[in-house]
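Visitor: Start from chain C and add chains P and F according to the hints.
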Amino acid sequence: MTVATVPVAGTRTERVAGRGRDATLGVLGLLVVVGLVEALPRLGIVNDRYLPPASAMFTELAGQLGEAAFWTALGDTLRGWALGLAVAMAAGIVLGVLIGSVGILRDLTASTIEFLRPIPSVALIPLVVLLYGSRPTSALVLVVYAAFWQILVQVLYGVADVDPVVRDTARSYRFSRLAIIRTVVWPTALPYVMTGFRLAASVALILEITAELIIGVPGLGKSIGVAQSSGAVEKTYALVIVVGIIGVAVNLLARALERRTLRWHVSVRREAR
Amino acid sequence: MNRSPARTARRGLATALVLALPLALSACGGGDTDEGADGTTSITVGVIPIVDVAPIYLGVEKGFFKEEGLDVELELAQGGAAIVPAVASGQYQFGFSNTTSLLLAQTQDVPVKVVTAGVNATEDPSADMSGVLVKAGSDIKSPKDLEGKKVAVNTLKNINTTTTNELVRQDGGDPTKIEYVELAFPEIGPAVEKGDVDAGQVVEPFLTIGTQAGMTDLGSNFVAADPGLAVAEYFTSTSFAESDADTVEAFTTAMNESLDYAQAHPDEVKKILPTYTDIDESVVAELNMPQWTSEIDAESIEKLADLADQDKLFAKDPDVDALLP
Amino acid sequence: MRLLTTLAYALALPIVLVVVWWFASAGSESVFWPPLSKIVGVFGETWNADRWTGDVLPSLARLAVGYLVALVLGVLLGVLIGLHRPVRAFCEPTLEFFRAVPPPVLVPVIALFLGYTGDTSKVVTIAVGCVWPILLNTVEGVRGLDEVMLDTARCYRLSAWTRLRQVVLRGASPQIAAGARQALSIGVILMVISELFGANRGLGASIVQFQRSFAIPQMWTGIILLGILGFLLSVLFRLVEHYALAWYRGLRQADRGA
Numbered sequence: 001m002t003v004a005t006v007p008v009a010g011t012r013t014e015r016v017a018g019r020g021r022d023a024t025l026g027v028l029g030l031l032v033v034v035g036l037v038e039a040l041p042r043l044g045i046v047n048d049r050y051l052p053p054a055s056a057m058f059t060e061l062a063g064q065l066g067e068a069a070f071w072t073a074l075g076d077t078l079r080g081w082a083l084g085l086a087v088a089m090a091a092g093i094v095l096g097v098l099i100g101s102v103g104i105l106r107d108l109t110a111s112t113i114e115f116l117r118p119i120p121s122v123a124l125i126p127l128v129v130l131l132y133g134s135r136p137t138s139a140l141v142l143v144v145y146a147a148f149w150q151i152l153v154q155v156l157y158g159v160a161d162v163d164p165v166v167r168d169t170a171r172s173y174r175f176s177r178l179a180i181i182r183t184v185v186w187p188t189a190l191p192y193v194m195t196g197f198r199l200a201a202s203v204a205l206i207l208e209i210t211a212e213l214i215i216g217v218p219g220l221g222k223s224i225g226v227a228q229s230s231g232a233v234e235k236t237y238a239l240v241i242v243v244g245i246i247g248v249a250v251n252l253l254a255r256a257l258e259r260r261t262l263r264w265h266v267s268v269r270r271e272a273r
Numbered sequence: 001m002n003r004s005p006a007r008t009a010r011r012g013l014a015t016a017l018v019l020a021l022p023l024a025l026s027a028c029g030g031g032d033t034d035e036g037a038d039g040t041t042s043i044t045v046g047v048i049p050i051v052d053v054a055p056i057y058l059g060v061e062k063g064f065f066k067e068e069g070l071d072v073e074l075e076l077a078q079g080g081a082a083i084v085p086a087v088a089s090g091q092y093q094f095g096f097s098n099t100t101s102l103l104l105a106q107t108q109d110v111p112v113k114v115v116t117a118g119v120n121a122t123e124d125p126s127a128d129m130s131g132v133l134v135k136a137g138s139d140i141k142s143p144k145d146l147e148g149k150k151v152a153v154n155t156l157k158n159i160n161t162t163t164t165n166e167l168v169r170q171d172g173g174d175p176t177k178i179e180y181v182e183l184a185f186p187e188i189g190p191a192v193e194k195g196d197v198d199a200g201q202v203v204e205p206f207l208t209i210g211t212q213a214g215m216t217d218l219g220s221n222f223v224a225a226d227p228g229l230a231v232a233e234y235f236t237s238t239s240f241a242e243s244d245a246d247t248v249e250a251f252t253t254a255m256n257e258s259l260d261y262a263q264a265h266p267d268e269v270k271k272i273l274p275t276y277t278d279i280d281e282s283v284v285a286e287l288n289m290p291q292w293t294s295e296i297d298a299e300s301i302e303k304l305a306d307l308a309d310q311d312k313l314f315a316k317d318p319d320v321d322a323l324l325p
Numbered sequence: 001m002r003l004l005t006t007l008a009y010a011l012a013l014p015i016v017l018v019v020v021w022w023f024a025s026a027g028s029e030s031v032f033w034p035p036l037s038k039i040v041g042v043f044g045e046t047w048n049a050d051r052w053t054g055d056v057l058p059s060l061a062r063l064a065v066g067y068l069v070a071l072v073l074g075v076l077l078g079v080l081i082g083l084h085r086p087v088r089a090f091c092e093p094t095l096e097f098f099r100a101v102p103p104p105v106l107v108p109v110i111a112l113f114l115g116y117t118g119d120t121s122k123v124v125t126i127a128v129g130c131v132w133p134i135l136l137n138t139v140e141g142v143r144g145l146d147e148v149m150l151d152t153a154r155c156y157r158l159s160a161w162t163r164l165r166q167v168v169l170r171g172a173s174p175q176i177a178a179g180a181r182q183a184l185s186i187g188v189i190l191m192v193i194s195e196l197f198g199a200n201r202g203l204g205a206s207i208v209q210f211q212r213s214f215a216i217p218q219m220w221t222g223i224i225l226l227g228i229l230g231f232l233l234s235v236l237f238r239l240v241e242h243y244a245l246a247w248y249r250g251l252r253q254a255d256r257g258a
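Residue numbers (the UniProt record's numbering), protein chains in the order written: chain C, 1 to 273; chain P, 1 to 325; chain F, 1 to 258.
If we strip away everything but chain C, and leave its shape as in the complex, we get (with noise of 0.2 Å):
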């Protein structure tokens, strides 16, 4: 959740150079941890059968990345992911604009959505295993319904944000209701789209690992309970860490693309709520 970055005071070169430090800083941090992980069960502080050496665990990881299982759950995941993030997407800027246009949709709309926003995703899990059992749509279900919401309720802040003067001058000037969307309505909204696309990235992953290790669909996180019910320790370890790694990525991902696609656009730009 960054807000635009506060600028540190100083010119250009103190504030590279305060970056590098930071950046050491941060490689140390995580040295750190790593280290502890490593000497913690080494040391015997903490039972090696609950958390093995953070060397053990590379080892294993390292291991995994030679099988092609661990490729198989690993594409499984991620596709999962992004499918059910498209289609959020998809349908959370086309009824976002289309709802947010009109005025009166929106006022129909607004309890409703306020009602079902909040209703956690994973409330349908058992609906979808009774319908889908352990197949990949049973996890898409639950990405879509999480994703969506997220992207909708930006996209609707963002129409919302347009200009009245704007959209009347466009109006005046007899744009079409298209042209209007493309090129009054969706620069707006872009910002706040982008902020909804890095939420919902997040959110998708989460709710497809969860009905991965929860109803048992293929993926990582089907990987991870087997393991760990398996009481492969190591492996169980070395699976959080990729899917660890993978939340990362989609968390840099989301947020460079955000800053790509709003450079100009800074200024007016807020996390919106």
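Since the hints were made in silico from the structure, they are not lab data.
Every residue, glycine too, gets a C-beta built ideally from N, C-alpha and C.
Be a bit skeptical, because a hint or two may be false.
To be verified - Simulated restraints, written as ranges between beta carbons of each label pair:
| id | chain 1 | residue 1 | chain 2 | residue 2 | range |
| --- | --- | --- | --- | --- | --- |
| 1 | F | 237 | P | 285 | 55 to 63 Å |
| 2 | C | 104 | P | 319 | 50 to 58 Å |
| 3 | F | 165 | C | 112 | 34 to 42 Å |
Stated by the list, open to error - In silico lysine to aspartate or glutamate, EDC-like type, Cα no more than 20 Å apart, as pairs:
| id | chain 1 | residue 1 | chain 2 | residue 2 |
| --- | --- | --- | --- | --- |
| 4 | P | 312 | F | 45 |
| 5 | P | 144 | P | 311 |
| 6 | P | 194 | C | 48 |
| 7 | P | 157 | F | 50 |
| 8 | P | 194 | C | 234 |
| 9 | P | 157 | P | 306 |
| 10 | P | 141 | P | 217 |
| 11 | P | 194 | P | 139 |
| 12 | P | 316 | F | 45 |
Guide: Frame of chain C; chains P and F shown alone:
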């Protein structure tokens, strides 16, 4: 803001489209019966990766199903409870489920119909596929000591709780005082070992894994309920039973042949287990085998219905005759 | 009159949707989509006094404890980390990693230490899952504080405690609130998920139990109840936020009015 917002917007739209690309990768298979060109019928059977379903794997390998014109695809489900809805809604044509789940389904108007037997317990309480594990040296010495204890089962309010309750009852204990918690079978042994729970009801291979690790088996809950208990059956949906009676008959014939073959050839069963489970070889050698028979034991099923009724699992009385073929 | 219009707008669609559901499902023969009338009919008997005291309330209590622990820990650590740039730089990548791990995979890891059964592992699961958004947002909020304001507060010799409360926490509170809101929805997810392993009672456990025993209308009542609770929690959150951030809204309005 010198650059045209419209151009930037177009790029944003392109981004959105790229994000939507994976849509094209969508793929989800359905399982419908297809009449193949060569006259064989494709069916999907939902099973769980446990010893109990070895006969169907053997039958497929031996070609018993091919002989009946069936092309069988075996689909592994997370648990028996997931198979019933999948069969009822037609995703699978047949499934394997424990008797109590089928009875429960029937009392809730889920349209299922048994086609043939699945697996039966042994007659020997000390050499059965089911048992209740406690830690070595536990002060739980016999089933009645489970009173007031925390016992893990893989599904609450199902065959494992009703039969464990019967085991305790027969030993003179009060089963209503047991606190059951739900854990997946592989978790139960470790949870008992760690003291997370006081005891755990398991089936093979987890019983052998547990005893090999030094745990004590209090006795078989299945045998306590009924020696040779009809633990599970193969079933289909009532609508499929009516619309595709020929396929059902072919499946039943092939399945019965497989069941009898498995019962007669325990060595081949042990050989096929590693092909669909992760059971260790040292465990396979020691497994207590269940019994397989092509006869449905209606009395045994009635007994399970009574036990479930006693534990107030049913909203209304099950109709056993309607459930059986 | 305006109130009436607002009310009409707010209620129109929900009423239409319920009515459509009611009639569309009225003659439903499908086992999985029972008629709404049937679902409503069994709601009362399903969620009776015993279920409330034995399942729903314990679940909510676990959520409350786990969430509050996360809130206190997250804000405390967040302030500590956020106020010192080197500490922040040192911790941030690590924290980002932990935040990025989808919380449900914590369940098997926490089970390694605490087992699956019992309240502790469930509360810990909720707390560990909720803490990251609160912590990172607090760090972010504290980092964005006005240096001048902090210095001014120091010049005026405000005590450390007053400075912390009046300047730091206040200044960071919009960010903290945003993190707390994210954490709440994660908390509700984890409340349900933690009960799917090693549970015997609880709201999430009950719903799955209904599904397993094919009590489909009851399962639907559980889904609806969980939905209502999710909604009520978000309303409650907004109320608390409304009072806690009253000053901030006033400021923004003043900003805009100017």
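Visitor: Now tell me, hint by hint, if it's right for this structure.
Guide: Here is what the structure says about each hint:
no.: 1; hint: F:237 <-> P:285: 55 to 63 Å; in the structure: 58 Å, holds
no.: 2; hint: C:104 <-> P:319: 50 to 58 Å; in the structure: 54 Å, holds
no.: 3; hint: F:165 <-> C:112: 34 to 42 Å; in the structure: 40 Å, holds
no.: 4; hint: P:312 <-> F:45; in the structure: 16 Å, holds
no.: 5; hint: P:144 <-> P:311; in the structure: 17 Å, holds
no.: 6; hint: P:194 <-> C:48; in the structure: 14 Å, holds
no.: 7; hint: P:157 <-> F:50; in the structure: 17 Å, holds
no.: 8; hint: P:194 <-> C:234; in the structure: 19 Å, holds
no.: 9; hint: P:157 <-> P:306; in the structure: 14 Å, holds
no.: 10; hint: P:141 <-> P:217; in the structure: 10 Å, holds
no.: 11; hint: P:194 <-> P:139; in the structure: 15 Å, holds
no.: 12; hint: P:316 <-> F:45; in the structure: 16 Å, holds
When held up to the earlier numbered hints, the structure conflicts with none and fits them all.
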